[in-house]
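Listed below are the residues making up each chain.
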Amino acid sequence: MRTRQLLIVVSACLLLSTIWAQTGANPTAGQSLSVATSSVSADNLLKAGPAAWSQIAVKHVALNRTPPLYDTDEPATREISSVDVRLARVSKNLLVQLSWRDPTHDAVTLAEVPDTTPETRFRKVQTEADDRFFDAAAVMFPAKSGSDAIAPSLQMGDAEHPVKIYYWNATRGSMVMQAQGRGTTRRTGQNFPANSTYQNGQWNVIFELPDLPAGTTVAFAVWNGSQKDRDGRKYFSVWQVLE
Amino acid sequence: MSKHQYAMVMDLNKCLGCQTCTIACKKLWTDRDGTGYMYWNNVETRPGLGYPRQWDRIGGGWKDGALQPSPLPTMDDYGHAWEYNYEQRLYEGKKQPVMPSPEPKSGCNWDEDVGGMNEDENYFFYLPRICNHCTYPACLEACPRKAIYKREEDGIVVIDQDRCQGYRYCIKACPYKKIYFNEVTGKSEKCIFCYPRLEKGEVNACAAQCPGRLRFVGLLDDPESPVHKLVLVHKIALPLFPEKGTQPNVFYVPPFNPPKRANYGKSIQEDPRVPLDYLIYLFGPEVKDVILRLGAELNKTQQGGRSEALQLLTGRDAETRYHVRPQLVQIQL
Chain A
94 MRTRQLLIVV SACLLLSTIW AQTGANPTAG QSLSVATSSV SADNLLKAGP
144 AAWSQIAVKH VALNRTPPLY DTDEPATREI SSVDVRLARV SKNLLVQLSW
194 RDPTHDAVTL AEVPDTTPET RFRKVQTEAD DRFFDAAAVM FPAKSGSDAI
244 APSLQMGDAE HPVKIYYWNA TRGSMVMQAQ GRGTTRRTGQ NFPANSTYQN
294 GQWNVIFELP DLPAGTTVAF AVWNGSQKDR DGRKYFSVWQ VLE
Chain B
142 MSKHQYAMVM DLNKCLGCQT CTIACKKLWT DRDGTGYMYW NNVETRPGLG
192 YPRQWDRIGG GWKDGALQPS PLPTMDDYGH AWEYNYEQRL YEGKKQPVMP
242 SPEPKSGCNW DEDVGGMNED ENYFFYLPRI CNHCTYPACL EACPRKAIYK
292 REEDGIVVID QDRCQGYRYC IKACPYKKIY FNEVTGKSEK CIFCYPRLEK
342 GEVNACAAQC PGRLRFVGLL DDPESPVHKL VLVHKIALPL FPEKGTQPNV
392 FYVPPFNPPK RANYGKSIQE DPRVPLDYLI YLFGPEVKDV ILRLGAELNK
442 TQQGGRSEAL QLLTGRDAET RYHVRPQLVQ IQL
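Which chain is which? The protein sequence lines are A and B, in order.
In terms of the numbering used here, the numbers along the first sequence are unbroken and rise by one, the last being 336.
In terms of the numbering used here, the numbers along the second sequence are unbroken and rise by one, the last being 474.
To be clear, the hints were calculated from the coordinates, so they are not data collected in a lab.
If you're wondering where the values come from, they're calculated on a predicted model, not measured in any experiment.
Just so you know, even glycine gets a beta-carbon here, dropped at the ideal spot from N, CA and C.
Hints are not guaranteed to be accurate.
What the hints assert, rightly or not - Derived lysine to aspartate or glutamate pairs resembling EDC-like cross-links, with alpha carbons at most 16 Å apart: (1) B/Lys328 x A/Glu221; (2) B/Lys246 x A/Asp304; (3) A/Lys185 x A/Asp304.
What the hints assert, rightly or not - Far from chain A by the CB rule (all over 10 Å, computed), these chain B residues: (4) Asn154; (5) Gln209; (6) Ser211; (7) Gln237; (8) Trp251; (9) Tyr290; (10) Arg309; (11) Lys376; (12) Pro383; (13) Gly386; (14) Pro399; (15) Tyr422; (16) Arg457.
Produce the complete structure using the sequences and hints provided.
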């Protein structure tokens, strides 16, 4: 058990040192993301098909797999190696399209919750499963605007550098979260416009973010439901910088 | 560590297996969308599969200070909830009998009254189960969102539905598998020890409705409470699977275990109806001493003496069985 704990700590340190080497205080030029300007309205671009988005420059962003977080975790292999990111600035919004290959489509449509008037009380919505997890993705950026020179901790920010997380789940939709360090993530109760398609083993998810100025750091995460991904058990990118 | 600890004692000798507690709990707390399959209180037949089936062998809990791995039970393990087509039969003129759907293949009391064989004789007893509101809750430790907490004033373990994100590490960690995932809300839920009732001076719904009057409720640290007396003074109630390391606060008076053939004068540990090994499996080796203590109390009364422990166990009045302290904040024990 002790050996395993040690292994986890060592692998976490190695991973973190790699990340720090890659990010440092200022992410390197290799981590910059070009942002297109689009004359299409945000609403139209949100619903636009692959043809419209394919005209926007793409950046292949490498994804890392988090090391096992808990002793009781089953080990997971790295099945998703990168995410394709496209960005477009539209009036007062920044639209981000994340595309990644995931052969397993982990999403369901949960039954609508009916009005439980006394007459229909015996027609309850039943739970169909308790042990399935769903595909998801997120975009994280500093909650405080303005270039801060130092990027927040990649682990959900830190006390001085809170982050906002725009989280999309294939079954439960979108939600805006905020955090200031690992384990502090909170739902804000707000959601945001998002659109997703799954075709031929590929997710295309479009997030409508508020307008983020050039120089803002952003990071991406992808969860694979069939790998029981949730929480910090996920794929993540290092910080990237908007051009 | 909480200032006080609510606890429950269940006398297994008095359980009828009628499931009234199960229904009381279900009607009060889990009559909502997404809770069809879930029973915060269930009564299972022992020996038996349990609910979810084989929960006692699946994993979780503590060992040497570390959480133990466990898979998540599947819906097949719980048994899919079913509904009856009353509407078709009663309002739409369907002639066939009312039928359940989906076809039931398992459930929370699927193997009721099956039990086991002790040589050539069948034996079984009922085991009512709720969340154990453990002193060292594995679920609390496992939750990365800190959504689970143990109430400082009374030791009741609850899940903050605003914090819960449905990760289900708690379900894996609980060695009693007493946390359930609600897929409609996307959050996990569990027995809340009826704290809203306790705060009004009412005892837990499962206890209040029990026709066998087998449940005792009070603070473990309150010398006046029946649970304090049964667990700490008379020492005739034990937690389930103590080796799981969570220190449960639900205790059981084990079956008296009379001899199989009821031979007069025989010790209750000779020729026992329930194999002692099985009781040790459930309650640990201390169960032997508890059975001897129960036997001694029984002998005392059979010879015309008075047993305070048995008087308490047979207590008919709510005042005897429950000692609910609604104003916990102000009491100093």
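Task: Hints breached by this structure - done: Checked against the structure, the hints that fail are numbers 2, 5, 6 and 10, while the rest are satisfied.
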